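> Taking my numbering, the leading residue of the sequence shown gets 15, the next gets one more, and so forth.
Simulated from the structure, these hints should not be mistaken for lab results.
Since this is a predicted model, take the numbers as computed values, not measurements.
Mixed in with the good hints, there may be bad ones.
[What the hints assert, rightly or not] Here are the simulated lysine to aspartate or glutamate pairs, EDC-like style, with alpha carbons at most 16 Å apart:
1) K105 to D54
2) K71 to D54
3) K103 to D49
4) K74 to D162
5) K214 to D141
6) K292 to D309
7) K74 to D49
8) K287 to D328
9) K292 to D328
10) K71 to E58
11) K103 to D54
12) K297 to D328
13) K105 to D49
14) K71 to D49
[Claimed, not checked] Per label pair, the in silico range of CB-to-CB distance:
15) P259 to D63: 40 to 50 Å
16) H300 to T189: 42 to 52 Å
17) T189 to G117: 24 to 34 Å
18) E58 to G190: 26 to 36 Å
19) P50 to T189: 25 to 35 Å
20) L68 to S258: 45 to 55 Å
21) E58 to H300: 39 to 49 Å
22) D298 to G190: 37 to 47 Å
23) H300 to G238: 12 to 22 Å
24) H187 to N52: 28 to 38 Å
25) R260 to G62: 39 to 49 Å
Ideal placement from N, C-alpha and C gives every residue a C-beta, glycine not left out.
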Amino acid sequence: MLVNPITVAIGALTCFPLILALPTFDSVRFFLYPDPGNLDYTQEIVPGDSKSLLTSKYNKWHFPLILIHGFGQNYSTSFPQLTKDALLKQKLPVNVIVADWSGIVQTLRVVNRRHGIHAPLTSVNADLIGKRVGEFVVFLINHGVLTDPTRVHLVGFSLGAQISGMAGQHIRHYTGRPIQRITGLDPAGPLFHFYAIKAKRLDHSDAYFVDVIHTNQGRYGIAGNNGHVDFFPNGGGPEQPGCSPRSDITGLPSSCPHVRAWEYFTESILGSKIWACKANSYKDYHSNGNTQCQDRVLFGLKVPPTARGSYFFDIVRHDPGTPKKGFGPSYGEYGLAPAPPQLY
Numbered sequence: 015m016l017v018n019p020i021t022v023a024i025g026a027l028t029c030f031p032l033i034l035a036l037p038t039f040d041s042v043r044f045f046l047y048p049d050p051g052n053l054d055y056t057q058e059i060v061p062g063d064s065k066s067l068l069t070s071k072y073n074k075w076h077f078p079l080i081l082i083h084g085f086g087q088n089y090s091t092s093f094p095q096l097t098k099d100a101l102l103k104q105k106l107p108v109n110v111i112v113a114d115w116s117g118i119v120q121t122l123r124v125v126n127r128r129h130g131i132h133a134p135l136t137s138v139n140a141d142l143i144g145k146r147v148g149e150f151v152v153f154l155i156n157h158g159v160l161t162d163p164t165r166v167h168l169v170g171f172s173l174g175a176q177i178s179g180m181a182g183q184h185i186r187h188y189t190g191r192p193i194q195r196i197t198g199l200d201p202a203g204p205l206f207h208f209y210a211i212k213a214k215r216l217d218h219s220d221a222y223f224v225d226v227i228h229t230n231q232g233r234y235g236i237a238g239n240n241g242h243v244d245f246f247p248n249g250g251g252p253e254q255p256g257c258s259p260r261s262d263i264t265g266l267p268s269s270c271p272h273v274r275a276w277e278y279f280t281e282s283i284l285g286s287k288i289w290a291c292k293a294n295s296y297k298d299y300h301s302n303g304n305t306q307c308q309d310r311v312l313f314g315l316k317v318p319p320t321a322r323g324s325y326f327f328d329i330v331r332h333d334p335g336t337p338k339k340g341f342g343p344s345y346g347e348y349g350l351a352p353a354p355p356q357l358y
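Working from the sequences, and respecting the hints, build out all of it.
Right under this line is the structure:
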């Protein structure tokens, strides 16, 4: 068989930057926030560096909750920072950890400038970043500060939600057991609809309990059900009420509805009780009369792990512009259903 040398050359040029973009432990960083009294105080835990873990304030009696940001974000952006602050304010029995993979994005931008490609590399690296998160969890187990993976909760936004699913797959591979919970905040849609990578995207098999929030379906967020329970605020998008360009992620125009996923979830952490109704569709939710809902669950952090299926609710959050640290709940209590069993 004749080999076209031009094809080989093009292949070499496109594969080489892919190798350059592969993440290392240095490019996926983990920041522990151990002090509810000082929301900005952080300690970096470096996988492979026992001293960084054993001299940190990681509490082995608390389980790890790891926040994973999306494309165009890092550990210091509104997500995960505002969500991290909300968790600390509640003084929950968790080790709040932020995973920062923004160093990977910088590499990808270099690749994009030179070769005009970045989206396929982002998807490839998502799995490798997930692998690093999985190895971090194993690092905690090997040092005796985490008993087993069934005490782990991953919360990922956008591409971070897809990374969370991949991390769950890797942790199961390493330990033989799934993690306890993954919360997917409007999991990224672009490229993840393709059949070739269906096995490498978030779904209900990636943890004992997977809850997913959809706010921008068909645009930045993936469409359809992905978890044991899927929430569709205002029908799941692609639009959300009260949005304006001021809340868009930098570089991602019209992404405000996408951002709503982590904002709604953060409100639930801060104590706003938002109730969701089970229905086959948003149309059925309205036609059946949402005030007479017979199957209602609490939305957000304290969703009962027994919840299954699709749930809907209407909610309005007026765009405050760029979110600032220290914002408070903006919703009242919804519904009168008795409190379901709680994970927290």
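> Which hint numbers doesn't this structure obey?
none
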